[in-house]
Amino acid sequence: MGRKILILAVVLGLAPGTWLRTDLSTSFYTPIEVIDIDQRSGVTGPLRITGAWQLDSQNAHFGGYSALILLGNGDLYAGSDRGRVMHLRMVGGVPVSDGTVLDFPPGYGAVRRGIADLEAFTRDPETGTIWAAYEHGNVIERIAADGVIKRTKPPQMANWSRNSGPETIVRLGDGRFLVLGEAPEGDGRTNRPGLLFSGDPVEGAEAIEFRFFTTPGYSPVDAALLPDGDVIILERRVEYAFPARFYARLVRADPDDIAEGEVWGGGVLATLGNAYWGENFEGIEFVPDPAPAQGDGSVEDTEDEDAPLAGSLYLIADDNVSAFQRTLLLRLAWPPDEPQGGAGRPQSGESGSAADK
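For what it's worth, the working numbering labels the leading residue of the sequence shown as 25, then goes sequentially.
By construction, these hints were calculated from the structure, which means they are not laboratory data.
Check before you lean on any hint, since a few could be wrong.
Distance ranges between label pairs, derived from CB positions [stated by the list, open to error]: (1) K174 with G96: 19 to 25 angstroms; (2) D60 with D280: 35 to 41 angstroms; (3) G152 with E230: 21 to 27 angstroms; (4) E230 with F128: 31 to 37 angstroms; (5) S51 with N183: 41 to 47 angstroms.
The beta-carbon is built from N, C-alpha and C at its ideal position, and this holds for glycine as well.
Using the sequences plus the hints, can you model the full thing?
In C-alpha coordinates:
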(Lines of atoms letter the chains of each structure in order from A and count residues from 1; the text may use other names and numbers.)
(Lines give C-alpha, C1' and ligand atoms only; values in the text may rest on other atoms or scores of the structure.)
Protein backbone atom coordinates (compact mmCIF):
# COMPACT_ATOMS: atom_id res chain seq x y z
CA MET A 1 0.00 0.00 0.00
CA GLY A 2 2.81 2.36 0.84
CA ARG A 3 4.44 1.83 -2.55
CA LYS A 4 1.13 2.50 -4.32
CA ILE A 5 0.81 5.79 -2.50
CA LEU A 6 4.41 6.62 -3.38
CA ILE A 7 3.86 5.90 -7.06
CA LEU A 8 0.68 7.98 -7.02
CA ALA A 9 2.63 10.86 -5.50
CA VAL A 10 5.22 10.64 -8.25
CA VAL A 11 2.56 10.54 -10.94
CA LEU A 12 0.92 13.63 -9.50
CA GLY A 13 4.28 15.35 -9.20
CA LEU A 14 5.22 14.53 -12.78
CA ALA A 15 1.85 15.05 -14.41
CA PRO A 16 1.90 18.04 -16.76
CA GLY A 17 -0.80 20.52 -15.88
CA THR A 18 -1.53 24.17 -15.46
CA TRP A 19 -2.44 23.45 -11.84
CA LEU A 20 1.29 23.54 -11.27
CA ARG A 21 2.13 26.43 -13.61
CA THR A 22 -0.60 29.06 -13.81
CA ASP A 23 -1.18 32.27 -15.78
CA LEU A 24 0.88 31.08 -18.74
CA SER A 25 0.86 32.76 -22.14
CA THR A 26 0.23 30.81 -25.33
CA SER A 27 2.04 33.37 -27.49
CA PHE A 28 5.30 32.13 -28.96
CA TYR A 29 6.66 35.65 -28.51
CA THR A 30 6.85 35.19 -24.76
CA PRO A 31 10.53 35.71 -23.84
CA ILE A 32 12.80 32.93 -22.62
CA GLU A 33 14.80 33.74 -19.49
CA VAL A 34 18.37 32.39 -19.25
CA ILE A 35 19.71 32.33 -15.70
CA ASP A 36 23.41 31.64 -15.18
CA ILE A 37 24.28 29.06 -12.50
CA ASP A 38 27.74 29.23 -10.94
CA GLN A 39 27.69 25.71 -9.48
CA ARG A 40 30.63 23.68 -10.84
CA SER A 41 30.71 20.62 -8.58
CA GLY A 42 28.44 17.61 -8.40
CA VAL A 43 29.61 15.45 -11.31
CA THR A 44 31.62 12.37 -10.39
CA GLY A 45 34.18 11.25 -12.93
CA PRO A 46 36.61 12.98 -15.31
CA LEU A 47 34.15 15.44 -16.91
CA ARG A 48 34.26 19.06 -15.79
CA ILE A 49 31.26 21.40 -15.68
CA THR A 50 32.12 24.50 -17.73
CA GLY A 51 28.69 26.09 -17.84
CA ALA A 52 25.22 25.73 -16.35
CA TRP A 53 21.99 27.62 -16.94
CA GLN A 54 18.37 27.47 -15.89
CA LEU A 55 15.86 28.26 -18.62
CA ASP A 56 12.40 29.55 -17.83
CA SER A 57 9.41 31.14 -19.51
CA GLN A 58 5.82 32.05 -18.71
CA ASN A 59 4.76 30.27 -21.90
CA ALA A 60 2.44 27.28 -21.96
CA HIS A 61 4.48 25.75 -24.79
CA PHE A 62 7.73 25.86 -22.80
CA GLY A 63 9.24 22.89 -20.96
CA GLY A 64 9.33 19.12 -21.09
CA TYR A 65 12.49 18.90 -23.26
CA SER A 66 13.79 15.41 -23.86
CA ALA A 67 15.54 15.73 -27.25
CA LEU A 68 18.55 17.86 -28.19
CA ILE A 69 20.55 18.36 -31.41
CA LEU A 70 23.09 20.78 -32.85
CA LEU A 71 22.03 22.87 -35.84
CA GLY A 72 24.35 23.92 -38.63
CA ASN A 73 24.69 27.47 -37.36
CA GLY A 74 25.85 26.35 -33.91
CA ASP A 75 22.48 26.78 -32.20
CA LEU A 76 20.78 24.00 -30.24
CA TYR A 77 17.35 22.60 -31.09
CA ALA A 78 15.33 21.00 -28.30
CA GLY A 79 12.18 18.92 -28.64
CA SER A 80 9.61 18.32 -25.92
CA ASP A 81 7.53 15.28 -25.11
CA ARG A 82 4.47 17.38 -25.98
CA GLY A 83 5.73 17.83 -29.53
CA ARG A 84 6.99 21.42 -29.21
CA VAL A 85 10.45 22.72 -30.11
CA MET A 86 12.77 25.40 -28.82
CA HIS A 87 15.39 26.98 -31.07
CA LEU A 88 18.04 27.90 -28.52
CA ARG A 89 20.39 30.57 -29.79
CA MET A 90 24.00 30.04 -28.72
CA VAL A 91 26.74 32.68 -28.65
CA GLY A 92 30.23 31.45 -27.80
CA GLY A 93 28.80 28.24 -26.35
CA VAL A 94 26.40 30.15 -24.09
CA PRO A 95 22.58 30.21 -24.46
CA VAL A 96 21.13 33.69 -24.85
CA SER A 97 17.58 34.98 -24.57
CA ASP A 98 17.83 37.19 -27.64
CA GLY A 99 16.95 35.02 -30.62
CA THR A 100 15.76 31.99 -28.64
CA VAL A 101 12.27 31.10 -29.83
CA LEU A 102 9.55 28.53 -29.19
CA ASP A 103 7.64 26.92 -32.03
CA PHE A 104 5.78 23.90 -33.29
CA PRO A 105 7.96 21.48 -35.29
CA PRO A 106 7.63 21.46 -39.09
CA GLY A 107 4.45 19.79 -40.26
CA TYR A 108 2.65 20.25 -36.99
CA GLY A 109 -0.99 19.25 -37.28
CA ALA A 110 -2.55 16.47 -39.28
CA VAL A 111 0.73 14.86 -40.27
CA ARG A 112 1.41 14.08 -36.60
CA ARG A 113 -2.07 12.96 -35.69
CA GLY A 114 -1.89 9.72 -33.74
CA ILE A 115 1.76 10.04 -32.67
CA ALA A 116 2.99 11.68 -29.51
CA ASP A 117 5.76 11.83 -26.92
CA LEU A 118 8.78 13.09 -28.83
CA GLU A 119 11.85 11.65 -27.09
CA ALA A 120 14.91 11.97 -29.33
CA PHE A 121 16.44 13.83 -32.28
CA THR A 122 19.35 13.08 -34.58
CA ARG A 123 20.60 15.05 -37.58
CA ASP A 124 22.67 14.64 -40.73
CA PRO A 125 25.08 17.62 -40.65
CA GLU A 126 25.60 17.49 -44.43
CA THR A 127 21.96 17.65 -45.53
CA GLY A 128 20.30 19.14 -42.44
CA THR A 129 17.79 16.28 -42.34
CA ILE A 130 16.40 15.56 -38.87
CA TRP A 131 15.04 12.27 -37.55
CA ALA A 132 12.76 12.16 -34.51
CA ALA A 133 11.80 9.18 -32.33
CA TYR A 134 8.32 9.07 -30.77
CA GLU A 135 7.95 6.82 -27.78
CA HIS A 136 4.17 6.45 -27.96
CA GLY A 137 3.42 4.30 -31.00
CA ASN A 138 7.09 3.48 -31.73
CA VAL A 139 7.37 5.92 -34.63
CA ILE A 140 10.47 7.26 -36.38
CA GLU A 141 9.95 10.44 -38.38
CA ARG A 142 12.21 12.12 -40.94
CA ILE A 143 12.05 15.88 -41.51
CA ALA A 144 13.98 16.91 -44.62
CA ALA A 145 15.60 20.32 -44.91
CA ASP A 146 12.87 21.35 -47.38
CA GLY A 147 10.19 20.45 -44.84
CA VAL A 148 9.05 17.19 -46.43
CA ILE A 149 8.04 14.73 -43.70
CA LYS A 150 7.96 10.94 -43.84
CA ARG A 151 7.52 8.49 -41.00
CA THR A 152 7.58 4.78 -40.29
CA LYS A 153 6.84 2.19 -37.65
CA PRO A 154 9.73 -0.30 -37.99
CA PRO A 155 8.44 -3.87 -37.67
CA GLN A 156 11.30 -4.72 -35.30
CA MET A 157 9.74 -2.25 -32.83
CA ALA A 158 6.21 -3.64 -33.09
CA ASN A 159 6.44 -5.38 -29.70
CA TRP A 160 8.20 -2.57 -27.89
CA SER A 161 6.21 -0.90 -25.13
CA ARG A 162 3.92 1.84 -26.43
CA ASN A 163 4.73 4.02 -23.43
CA SER A 164 8.43 3.16 -23.10
CA GLY A 165 9.53 2.72 -26.69
CA PRO A 166 12.38 4.42 -28.62
CA GLU A 167 14.08 6.87 -26.28
CA THR A 168 17.31 7.16 -28.24
CA ILE A 169 18.15 7.59 -31.91
CA VAL A 170 21.63 8.40 -33.23
CA ARG A 171 22.76 8.65 -36.84
CA LEU A 172 26.32 7.30 -36.97
CA GLY A 173 29.00 8.77 -39.18
CA ASP A 174 28.67 6.01 -41.78
CA GLY A 175 24.91 6.44 -42.13
CA ARG A 176 23.79 3.64 -39.80
CA PHE A 177 21.19 4.39 -37.13
CA LEU A 178 21.27 3.27 -33.50
CA VAL A 179 17.95 3.07 -31.64
CA LEU A 180 17.48 2.08 -27.98
CA GLY A 181 14.23 1.40 -26.15
CA GLU A 182 13.50 2.51 -22.60
CA ALA A 183 11.45 -0.42 -21.31
CA PRO A 184 13.13 -3.64 -20.11
CA GLU A 185 12.66 -6.81 -22.14
CA GLY A 186 10.49 -8.46 -19.47
CA ASP A 187 9.84 -8.92 -15.78
CA GLY A 188 13.02 -9.22 -13.75
CA ARG A 189 15.25 -8.10 -16.60
CA THR A 190 17.38 -4.99 -16.82
CA ASN A 191 18.57 -4.98 -20.45
CA ARG A 192 16.85 -2.76 -23.01
CA PRO A 193 16.05 -3.64 -26.63
CA GLY A 194 18.25 -2.14 -29.32
CA LEU A 195 18.33 -1.90 -33.10
CA LEU A 196 21.20 -1.04 -35.44
CA PHE A 197 19.85 -0.05 -38.85
CA SER A 198 22.11 -0.39 -41.89
CA GLY A 199 20.74 2.90 -43.23
CA ASP A 200 17.75 5.21 -42.98
CA PRO A 201 14.99 3.39 -41.07
CA VAL A 202 12.35 5.53 -42.78
CA GLU A 203 13.43 3.99 -46.09
CA GLY A 204 13.06 0.48 -44.69
CA ALA A 205 16.73 -0.25 -43.99
CA GLU A 206 17.47 -3.64 -42.47
CA ALA A 207 18.32 -3.81 -38.77
CA ILE A 208 20.01 -6.21 -36.41
CA GLU A 209 18.52 -6.71 -32.96
CA PHE A 210 20.58 -6.71 -29.76
CA ARG A 211 20.27 -5.88 -26.07
CA PHE A 212 21.71 -2.87 -24.31
CA PHE A 213 23.08 -3.65 -20.86
CA THR A 214 21.87 -1.58 -17.91
CA THR A 215 21.94 -2.06 -14.18
CA PRO A 216 18.75 -2.08 -12.08
CA GLY A 217 16.86 1.19 -12.11
CA TYR A 218 18.68 2.84 -15.02
CA SER A 219 17.30 3.32 -18.54
CA PRO A 220 18.82 4.90 -21.67
CA VAL A 221 17.10 8.20 -22.44
CA ASP A 222 19.30 9.78 -25.14
CA ALA A 223 22.69 9.49 -26.83
CA ALA A 224 25.12 11.54 -28.90
CA LEU A 225 27.82 10.71 -31.44
CA LEU A 226 31.40 11.45 -30.38
CA PRO A 227 34.14 12.53 -32.82
CA ASP A 228 35.90 9.14 -32.72
CA GLY A 229 32.73 7.23 -33.64
CA ASP A 230 31.83 6.14 -30.12
CA VAL A 231 28.49 7.14 -28.64
CA ILE A 232 27.84 8.69 -25.27
CA ILE A 233 24.62 7.35 -23.76
CA LEU A 234 22.66 9.28 -21.16
CA GLU A 235 21.00 6.99 -18.61
CA ARG A 236 18.46 7.98 -15.98
CA ARG A 237 17.16 6.51 -12.73
CA VAL A 238 14.04 7.72 -10.91
CA GLU A 239 13.63 7.46 -7.16
CA TYR A 240 9.96 7.32 -6.26
CA ALA A 241 9.29 10.07 -3.76
CA PHE A 242 7.39 13.34 -3.66
CA PRO A 243 8.72 15.20 -5.43
CA ALA A 244 10.54 12.58 -7.51
CA ARG A 245 14.35 12.45 -7.38
CA PHE A 246 16.45 11.77 -10.45
CA TYR A 247 19.93 10.41 -11.07
CA ALA A 248 21.86 10.44 -14.34
CA ARG A 249 25.02 8.88 -15.66
CA LEU A 250 26.96 8.90 -18.93
CA VAL A 251 28.09 5.67 -20.59
CA ARG A 252 30.58 5.55 -23.46
CA ALA A 253 30.34 2.65 -25.90
CA ASP A 254 31.57 1.62 -29.37
CA PRO A 255 28.73 0.84 -31.83
CA ASP A 256 31.11 -1.29 -33.90
CA ASP A 257 30.97 -3.84 -31.06
CA ILE A 258 27.23 -4.43 -31.61
CA ALA A 259 26.42 -7.96 -32.78
CA GLU A 260 23.13 -9.64 -33.69
CA GLY A 261 21.41 -11.11 -30.65
CA GLU A 262 24.21 -10.18 -28.25
CA VAL A 263 24.48 -7.86 -25.26
CA TRP A 264 26.17 -4.52 -25.91
CA GLY A 265 27.56 -2.24 -23.22
CA GLY A 266 30.21 0.31 -22.40
CA GLY A 267 31.86 2.06 -19.48
CA VAL A 268 30.30 4.46 -16.99
CA LEU A 269 32.09 7.75 -17.50
CA ALA A 270 30.32 10.14 -15.13
CA THR A 271 27.34 10.38 -12.79
CA LEU A 272 25.07 13.18 -11.62
CA GLY A 273 22.52 13.15 -8.89
CA ASN A 274 23.51 15.12 -5.84
CA ALA A 275 21.07 17.54 -4.27
CA TYR A 276 21.76 20.22 -6.88
CA TRP A 277 21.86 18.24 -10.15
CA GLY A 278 19.18 15.71 -9.27
CA GLU A 279 17.01 16.72 -12.21
CA ASN A 280 15.39 14.78 -15.04
CA PHE A 281 18.19 15.01 -17.64
CA GLU A 282 16.87 13.46 -20.86
CA GLY A 283 18.73 15.09 -23.77
CA ILE A 284 22.40 15.13 -24.75
CA GLU A 285 24.43 16.46 -27.67
CA PHE A 286 28.13 16.82 -28.55
CA VAL A 287 29.20 20.22 -29.87
CA PRO A 288 32.73 20.52 -31.31
CA ASP A 289 34.82 23.58 -30.60
CA PRO A 290 35.29 25.93 -33.57
CA ALA A 291 38.46 25.10 -35.51
CA PRO A 292 41.21 27.73 -35.02
CA ALA A 293 42.05 29.56 -38.22
CA GLN A 294 45.08 31.44 -39.51
CA GLY A 295 44.87 34.86 -41.05
CA ASP A 296 44.40 33.40 -44.52
CA GLY A 297 41.40 31.39 -43.32
CA SER A 298 43.06 27.98 -43.43
CA VAL A 299 42.85 25.67 -40.44
CA GLU A 300 45.88 26.02 -38.23
CA ASP A 301 48.08 22.94 -37.95
CA THR A 302 48.20 21.35 -34.54
CA GLU A 303 51.24 19.79 -32.95
CA ASP A 304 49.42 16.54 -32.17
CA GLU A 305 47.29 15.34 -35.08
CA ASP A 306 46.09 12.39 -32.99
CA ALA A 307 44.74 14.57 -30.19
CA PRO A 308 41.00 14.02 -29.64
CA LEU A 309 38.70 16.67 -31.03
CA ALA A 310 37.78 19.08 -28.27
CA GLY A 311 34.26 20.25 -27.63
CA SER A 312 31.45 20.11 -25.12
CA LEU A 313 28.66 17.81 -24.08
CA TYR A 314 25.38 19.62 -23.49
CA LEU A 315 22.68 18.02 -21.33
CA ILE A 316 19.12 19.32 -21.04
CA ALA A 317 16.70 18.47 -18.23
CA ASP A 318 13.00 17.77 -18.76
CA ASP A 319 10.97 19.63 -16.12
CA ASN A 320 7.83 17.61 -16.92
CA VAL A 321 6.03 20.98 -16.94
CA SER A 322 6.08 20.75 -13.16
CA ALA A 323 6.65 23.45 -10.57
CA PHE A 324 8.84 20.98 -8.66
CA GLN A 325 11.45 20.63 -11.42
CA ARG A 326 13.74 22.82 -13.51
CA THR A 327 14.71 23.12 -17.17
CA LEU A 328 18.49 23.06 -16.96
CA LEU A 329 21.19 23.19 -19.63
CA LEU A 330 24.52 21.78 -18.48
CA ARG A 331 27.83 21.99 -20.39
CA LEU A 332 30.66 19.51 -19.78
CA ALA A 333 34.16 19.76 -21.27
CA TRP A 334 35.27 17.11 -23.77
CA PRO A 335 37.54 15.11 -23.87
CA PRO A 336 37.61 13.75 -20.31
CA ASP A 337 40.44 14.78 -18.04
CA GLU A 338 41.49 11.14 -17.63
CA PRO A 339 40.83 7.78 -19.33
CA GLN A 340 37.44 6.25 -18.71
CA GLY A 341 36.85 3.08 -16.73
CA GLY A 342 34.56 0.24 -17.71
CA ALA A 343 33.85 -1.47 -14.43
CA GLY A 344 30.49 -3.12 -14.16
CA ARG A 345 29.67 -3.00 -17.88
CA PRO A 346 29.82 -6.01 -20.21
CA GLN A 347 31.46 -5.67 -23.58
CA SER A 348 29.57 -6.75 -26.67
CA GLY A 349 28.89 -10.48 -26.73
CA GLU A 350 29.90 -11.03 -23.13
CA SER A 351 27.65 -13.46 -21.33
CA GLY A 352 27.21 -14.20 -17.65
CA SER A 353 24.49 -13.69 -15.11
CA ALA A 354 24.75 -9.90 -15.06
CA ALA A 355 24.65 -9.51 -18.82
CA ASP A 356 21.86 -12.04 -19.27
CA LYS A 357 19.43 -10.21 -17.00
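Is 35 to 41 angstroms respected by the C-beta to C-beta distance linking D60 and D280?
Given range 35 to 41 angstroms: holds, Cβ gap about 39 angstroms.
Measuring from beta carbon to beta carbon, are K174 and G96 in 19 to 25 angstroms?
21 angstroms, holds
Do the Cβ positions of S51 and N183 conform to the proposed distance bound of 41 to 47 angstroms?
The hinted range 41 to 47 angstroms holds for S51 and N183, with Cβ atoms some 42 angstroms apart.
Given a hint of 31 to 37 angstroms, does the C-beta separation of E230 and F128 actually sit inside it?
33 angstroms, holds
C-beta pair G152, E230: status relative to the range 21 to 27 angstroms that was hinted:
With Cβ atoms ~25 angstroms apart, the hint holds.
The structure shown violates none of the earlier numbered hints.
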